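Chain A is fixed; fit chain B onto it per the hints.
One letter stands for each residue in the lines below.
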Amino acid sequence: MTKRVLMFSMSLAMIGMLFLSKDPLVASGSDSFVIIANQSVPVSSMSRNKLKDYFLGVEVVWEDSTGIIITTLKPCDTHTIFTKTITGKTAAQFKATWRKLLFLGQASVPKSFSTEKELVEFIANTEGAIGYVSILPQDGRIKKIEITD
Amino acid sequence: MNKKILIIVLSLFFMPGISMADEFGDVDIHGFIAQGYLQTNKNNFYSNSQEGTFEFNEAGINFTARLSPKLRIGLQLFARDIGPYGNDEVTLDWVYGDYRYQRWLGLRFGKIRIPLSLYSETRDMDNLRTWVFLPQGVYHEIRRDTFSSRNGIELYGSLPRNIFGTFSYRTQVGVLSMKPDDGNSTFVEALVYPVWTVQSIEPKTSYLVRIDWDTPLDGLHLYTTYSEYESHLVSRWSDDMLAQFALFDPTFDPATDSEFENDITDTAWYYGVEYTIRDLVLAAEFFKEKSLQNIPGYFIEDFWRHREGFYFSGSYRFSEWFEAGVYYSEYDGDPEGEEFARKPFPEPKNKYLSEEYCLSFRFDITPNWIFKLEGHKYDGFGVLIDQDQLNLSDDKKTIDNWSLMTAKISYYF
Numbered sequence: 422m423t424k425r426v427l428m429f430s431m432s433l434a435m436i437g438m439l440f441l442s443k444d445p446l447v448a449s450g451s452d453s454f455v456i457i458a459n460q461s462v463p464v465s466s467m468s469r470n471k472l473k474d475y476f477l478g479v480e481v482v483w484e485d486s487t488g489i490i491i492t493t494l495k496p497c498d499t500h501t502i503f504t505k506t507i508t509g510k511t512a513a514q515f516k517a518t519w520r521k522l523l524f525l526g527q528a529s530v531p532k533s534f535s536t537e538k539e540l541v542e543f544i545a546n547t548e549g550a551i552g553y554v555s556i557l558p559q560d561g562r563i564k565k566i567e568i569t570d
Numbered sequence: 014m015n016k017k018i019l020i021i022v023l024s025l026f027f028m029p030g031i032s033m034a035d036e037f038g039d040v041d042i043h044g045f046i047a048q049g050y051l052q053t054n055k056n057n058f059y060s061n062s063q064e065g066t067f068e069f070n071e072a073g074i075n076f077t078a079r080l081s082p083k084l085r086i087g088l089q090l091f092a093r094d095i096g097p098y099g100n101d102e103v104t105l106d107w108v109y110g111d112y113r114y115q116r117w118l119g120l121r122f123g124k125i126r127i128p129l130s131l132y133s134e135t136r137d138m139d140n141l142r143t144w145v146f147l148p149q150g151v152y153h154e155i156r157r158d159t160f161s162s163r164n165g166i167e168l169y170g171s172l173p174r175n176i177f178g179t180f181s182y183r184t185q186v187g188v189l190s191m192k193p194d195d196g197n198s199t200f201v202e203a204l205v206y207p208v209w210t211v212q213s214i215e216p217k218t219s220y221l222v223r224i225d226w227d228t229p230l231d232g233l234h235l236y237t238t239y240s241e242y243e244s245h246l247v248s249r250w251s252d253d254m255l256a257q258f259a260l261f262d263p264t265f266d267p268a269t270d271s272e273f274e275n276d277i278t279d280t281a282w283y284y285g286v287e288y289t290i291r292d293l294v295l296a297a298e299f300f301k302e303k304s305l306q307n308i309p310g311y312f313i314e315d316f317w318r319h320r321e322g323f324y325f326s327g328s329y330r331f332s333e334w335f336e337a338g339v340y341y342s343e344y345d346g347d348p349e350g351e352e353f354a355r356k357p358f359p360e361p362k363n364k365y366l367s368e369e370y371c372l373s374f375r376f377d378i379t380p381n382w383i384f385k386l387e388g389h390k391y392d393g394f395g396v397l398i399d400q401d402q403l404n405l406s407d408d409k410k411t412i413d414n415w416s417l418m419t420a421k422i423s424y425y426f
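Chains as they are written, first to last, in the working numbering: chain A, 422 to 570; chain B, 14 to 426.
For the record, the hints were derived by calculation from the structure and aren't laboratory data.
Quick caveat, the model's predicted, so the values are computed rather than measured.
Accuracy of the hints is not assured; some may be wrong.
Computed cross-link-like contacts, EDC-like style, restricted to lysine to aspartate or glutamate with a CA-CA straight-line distance of at most 16 Å [what the hints assert, rightly or not]:
id : chain 1 : residue 1 : chain 2 : residue 2
1  : B       : Lys303    : B       : Asp315
2  : B       : Lys83     : A       : Asp485
3  : B       : Lys301    : B       : Asp279
4  : A       : Lys510    : B       : Asp292
5  : A       : Lys564    : A       : Glu548
6  : B       : Lys83     : A       : Glu480
7  : A       : Lys521    : B       : Asp137
8  : B       : Lys362    : B       : Glu321
9  : B       : Lys303    : B       : Asp279
10 : A       : Lys471    : B       : Asp231
11 : A       : Lys495    : B       : Glu333
12 : B       : Lys301    : B       : Glu321
13 : B       : Lys410    : B       : Glu360
14 : B       : Lys409    : B       : Asp399
15 : B       : Lys301    : B       : Glu349
16 : A       : Lys532    : B       : Asp39
17 : A       : Lys510    : B       : Glu333
18 : B       : Lys83     : A       : Glu484
19 : B       : Lys301    : B       : Asp345
20 : A       : Lys471    : A       : Asp570
21 : A       : Lys532    : A       : Glu548
22 : B       : Lys364    : B       : Asp392
23 : B       : Lys364    : B       : Glu321
24 : A       : Lys510    : B       : Glu287
25 : B       : Lys192    : B       : Glu102
26 : A       : Lys510    : B       : Asp231
Among chain A residues calculated to face chain B with C-beta under 8 Å, some are [as the list claims (entries may be wrong)]:
id : residue
27 : Asn470
28 : Asp474
29 : Val481
30 : Ser486
31 : Thr511
32 : Ala513
33 : Gln514
34 : Arg520
Beta carbons are placed, not taken as given, at the ideal position from N, Cα and C, and that holds for glycine.
Same shape as in the complex, but just chain B:
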């Protein structure tokens, strides 16, 4: 679906006579448009950021209706672009029915958001947070689209509040939306770049369980999530790998043996805490993920990959129109040293690591207009993708210290 159509629909809400956040009958309509700018001093951050780029925007519109006191339906259309990812393709971000039988049991069905972590469900809505970019140690930008929603069902509920606070649960089962050219496939390829490329990907059943605890201490919230998914891939060896196979195996036929099938089983744990006191919000999250990749016939048929990360953050609202925040984040794409050991030519450890410092300013110009200005300092290449650096000369790339500046203006209704 063309993003131009989405922009035209959104623009109708700027016309006189149309009130912001309109209701048509019993249908609520809300949306947002955002445009950003990215500039890095070295490396490309999912775009041509090293030269400075405006290829960084988002737009969305949602329609919701309450059909009965216990039943809601709704959908959101969303489009974004950051470098080669998204490309303004309008997607059905979520569409689902939500039936709340009782406080302790509700059902959502359709294309539902995935509550992996504190801010994963709302990462499309930057009006709900201080930062332009969430901490990359936990919220790896390139995998965002794959893990934003799934087709499936969710059971959810919460216990009545008492002296222990309140506990709530969410459990989902379904399938993720995966494509061979999406961010997650690019991420899978990047792990062994340029050994193979994903040709097709078939998601298998995935599921998630999450427990939240709103503690008796007002403003203190903890959670933990377990997530698992499987996928079946068909990948193609690179021409260099085909040539090497032919060299070592005279019976190897690149014409017929260039593709292979492999399965990925991925499990992840997320846990975190958020503490809100007056106008201050403190948060910390941790995640650990491991993937088992099975390639029948490969010289290593089963190999594991581990990833982990964390961050600490603080943000403060100084006034109605000004908020500022800081965070520190770390990401380790190879905590067990497996990638390092597997590579034919050893790579520096910093290739898989990333330390990130962020300082962010948010200006609420009006209740509907927001401007953000943000700076990041990185040490390490871990959150970047090799494929995004191909157009850079060696002096414009580094696996050590580099920085990112971003500005973003948004309108919400």
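Excised from the complex, chain A in its bound form:
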């Protein structure tokens, strides 16, 4: 009897979790951010799948074998929408993915910035860097990366 009660309670808890909804921001999708990169990056567009692979550490070099430098914003609406739209993960899951790679010695954690201005400045001065912002800045040192589906 106790076992049945426990199993039923656990199943109910898991089903209940499924119906809890969050992240209304997710509905905003890819209109809420712009992908930007250093001018040295050898591409001007990429598929959503490719972008996902870069931001989850699956790919580590660009087509010309230069290193990929991933940048992110510290937790904010833009970051939340980006991680969910491109990687399919919540901000906490995205952080856990990189922490796992870090503690396995397989990657360095992406550079994280408190403001978009700091992020843009870093990308502008760093070969191979890529990141995202809410509004495309007017800065000739960086370029916009188009997302193709």
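Leaving out everything else, chain B in the frame of chain A:
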């Protein structure tokens, strides 16, 4: 290596002026310290938990550097203590080079982590999961250290993502790190306790193949792993067994015949699924293992042991600071009834079985501080070790219903 040295090094990162997760030049430095408490109402869970114990802690520090866009190196020092296991001995958890030639082919070499199952590589890092203890049906705590890493090489890679998702592979060959007094040797002894004790153990070549599938359905991930290892042991019969041999065989000389050699060949299959949707993570894993133990000259020269287990789990992140989860796990240390049949005095089946229910709460107090509170209900003795129960009176032991409570605080940088 003394754990005090490791703690001193880690403590430097609490000093003003030292930023968390520091970089010295191009070297990334990260680490963690964790302290826990264990309390069981009956039985000892790898420690004196029946009386309540703080003998449950972990610490680690890792150094990594990217030497070129395709080449990384790094190492992690790790120490843990749970009862008589670990004893705060600082070990080289992993140290390896990682060269990613192409997406479809990479090479790791050195002391590399073993990706047996979903969470085996990261079980030292409890900041990456809800629970203090992973489901014991698949993640048997006592064998953790032996199967965390191996000296060897790994080839790995993945296919480009397409409409079928993406497939990745990992294949390793090398040798495990085994000692006569480690958890795995204790586990081998426990299977026939107190018939023999392991005096020395020599690991032979071991290998592993793993395939992962990130499906087209976002968040759904499946995997399967095949693992095999061999080892050569020298073991010593217990005094009771020596006396029995002498009784039945007048030519038996306990002075010269007390030790014997035996070989173990072990194969295991792991397979599982993880589904992440919004803040919910559902997972299920299964494993089947069989060992062939060869003891030349013993009245049963070759005997098989089988083990299997599984679990189902769900965890949900309610907010930035709170996450909760549940799991149900089963372990069967004798699914074929071989141990039961071999024992001179029949033991209850529950001695080899374990059913486990777990409810866990995780509090992210700050991005670096985590507190966990967790309760387990067990039915069965299967995941426990006879040797850990020796100091308990009969009324404090049971092979049926017992429970465990644990709390743990951790700091990560």
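Checked hints:
no., hint, verdict
1, B:Lys303 / B:Asp315, "holds, 13 Å"
2, B:Lys83 / A:Asp485, "holds, 12 Å"
3, B:Lys301 / B:Asp279, "holds, 11 Å"
4, A:Lys510 / B:Asp292, "holds, 9 Å"
5, A:Lys564 / A:Glu548, "holds, 12 Å"
6, B:Lys83 / A:Glu480, "holds, 10 Å"
7, A:Lys521 / B:Asp137, "holds, 11 Å"
8, B:Lys362 / B:Glu321, "holds, 15 Å"
9, B:Lys303 / B:Asp279, "holds, 6 Å"
10, A:Lys471 / B:Asp231, "holds, 15 Å"
11, A:Lys495 / B:Glu333, "holds, 14 Å"
12, B:Lys301 / B:Glu321, "holds, 4 Å"
13, B:Lys410 / B:Glu360, "holds, 15 Å"
14, B:Lys409 / B:Asp399, "holds, 13 Å"
15, B:Lys301 / B:Glu349, "holds, 12 Å"
16, A:Lys532 / B:Asp39, "holds, 13 Å"
17, A:Lys510 / B:Glu333, "holds, 14 Å"
18, B:Lys83 / A:Glu484, "holds, 12 Å"
19, B:Lys301 / B:Asp345, "holds, 10 Å"
20, A:Lys471 / A:Asp570, "holds, 10 Å"
21, A:Lys532 / A:Glu548, "holds, 14 Å"
22, B:Lys364 / B:Asp392, "holds, 10 Å"
23, B:Lys364 / B:Glu321, "holds, 14 Å"
24, A:Lys510 / B:Glu287, "holds, 13 Å"
25, B:Lys192 / B:Glu102, "holds, 13 Å"
26, A:Lys510 / B:Asp231, "holds, 9 Å"
27, Asn470, "holds, 4 Å"
28, Asp474, "holds, 7 Å"
29, Val481, "holds, 6 Å"
30, Ser486, "holds, 6 Å"
31, Thr511, "holds, 6 Å"
32, Ala513, "holds, 6 Å"
33, Gln514, "holds, 6 Å"
34, Arg520, "holds, 6 Å"
Of the numbered hints listed earlier, not one is contradicted by the structure.
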